[in-house]
Amino acid sequence: MTRDEIEGLLPFYVNDTLMGEERDAVARAIAEDADLAVEVEALRAIRAKMQAEDVTAPGEFGLARLMRDVERETTIEATPPASRWQSAGLWQVAAAVLLAVALGTALLPREEQGVGYELAGVAPAFTVTFAETATEAEIRDTLLRAGLEIVEGPSALGFYGLAPLPDVATGDARAVLDGADDIVTSVEEAEDR
Amino acid sequence: MSDPLAPLIPRIAAGDRQALSELYRETETSVFKFIRSRMNDPFGAADILHDTYLDVWKGAAKFEGRSKVTTWIMGIAHRKVIDAFRKGSRTTLTDEAPDLEDDAPTPEACLAATEEAGHVRHCLETLKDEHRTAINLAFYEDMTYGEIAQVTGAPEGTIKTRVFHAKKLLMRCLSGLVQRGAVT
Numbered sequence: 473m474t475r476d477e478i479e480g481l482l483p484f485y486v487n488d489t490l491m492g493e494e495r496d497a498v499a500r501a502i503a504e505d506a507d508l509a510v511e512v513e514a515l516r517a518i519r520a521k522m523q524a525e526d527v528t529a530p531g532e533f534g535l536a537r538l539m540r541d542v543e544r545e546t547t548i549e550a551t552p553p554a555s556r557w558q559s560a561g562l563w564q565v566a567a568a569v570l571l572a573v574a575l576g577t578a579l580l581p582r583e584e585q586g587v588g589y590e591l592a593g594v595a596p597a598f599t600v601t602f603a604e605t606a607t608e609a610e611i612r613d614t615l616l617r618a619g620l621e622i623v624e625g626p627s628a629l630g631f632y633g634l635a636p637l638p639d640v641a642t643g644d645a646r647a648v649l650d651g652a653d654d655i656v657t658s659v660e661e662a663e664d665r
Numbered sequence: 123m124s125d126p127l128a129p130l131i132p133r134i135a136a137g138d139r140q141a142l143s144e145l146y147r148e149t150e151t152s153v154f155k156f157i158r159s160r161m162n163d164p165f166g167a168a169d170i171l172h173d174t175y176l177d178v179w180k181g182a183a184k185f186e187g188r189s190k191v192t193t194w195i196m197g198i199a200h201r202k203v204i205d206a207f208r209k210g211s212r213t214t215l216t217d218e219a220p221d222l223e224d225d226a227p228t229p230e231a232c233l234a235a236t237e238e239a240g241h242v243r244h245c246l247e248t249l250k251d252e253h254r255t256a257i258n259l260a261f262y263e264d265m266t267y268g269e270i271a272q273v274t275g276a277p278e279g280t281i282k283t284r285v286f287h288a289k290k291l292l293m294r295c296l297s298g299l300v301q302r303g304a305v306t
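Respectively, the protein sequence lines represent chains A and B.
Just so we're aligned, residue 473 is where the first sequence starts under my numbering, counting upward by one.
Just so we're aligned, residue 123 is where the second sequence starts under my numbering, counting upward by one.
Do not take every clue at face value.
[Unchecked claim] Below, a list of computed lysine-lysine pairs in the DSS-like style, where the Cα atoms sit at most 25 angstroms apart:
1) B:K180 x B:K190
2) B:K290 x A:K521
3) B:K209 x B:K290
4) A:K521 x B:K250
5) B:K180 x B:K209
6) B:K250 x B:K180
7) B:K209 x A:K521
8) A:K521 x B:K184
What the hints contain is simulated information worked out from the structure, not anything from laboratory work.
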């Protein structure tokens, strides 16, 4: 093995993924060459610094967004194929109904707005808002302790819909939310809405 | 050694959203870290993460188990990042070897420079995307060169070359910080 080949394998020696003859050859070269040994030490330090880098992932918010779009995908797949709508008459009827609904919505007095989209079949048990200063990690921890997951939101006003996981009692979840008043700034139960 | 995440994939393919949630929670941080290491935009990175897991949901039935589940997901994320770069014309994707001058970095100076995480981060950002990707997967994810080849779709020899150049450039950058007095 050439010196360049040995050097190219050093990162894989450092991350401990080399096996068999390759590992033995690199280990021998390091033992015989002080410069390579120091280089290994430097690479170990670089790897340790990289692994210690703290990156805040989207967490539960990202998961809620994903589940919303998965739900949307599933709904689209379940929609009858376009061919059933290809009759000109049906399109005209559908367009007329949409127009009527749009006009009705515009002209009739508005009902109170909901919190945003809703995942079919997963109704929220609580609508909550989180403190502006709450970190994703704190929110995630609170939700895990309460046995809740985000099924709606955030709405434009920052409302989230939460539903308990299977086998989690609503009362128990509520108690955790009430106890986390530095993270959760408002809680409304579904039956109160 | 069996992949502990592998049993989740057939469940996801069968439409089990709970399995997708489990996979997301298990792997999200690594995948996001990988994406973020390649782009400086946290919102863009979050969008790519989202699209990656949507592809996992839609494509689980096609997963053949030839690689680890994380390798497969990283491969999807890798392609999404490249697509984003291409759409934004942010980088040229080439496999040219960089100019490596003879002023070899001194490992001792390099070691001193690694004391500061900021120096390591700065030097990683100076690398071209394919070099940064290779070194990130080796050091963030502790992947073998074979796994990196699977993620990036490049031959193993190419990965070894990229890692070789990435390492040289990284160490030269870190040594340079010492020589310019940024590190004492």
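Enumerate the violated hints, using their earlier numbering and listing them in ascending order. 3, 6, 7, 8
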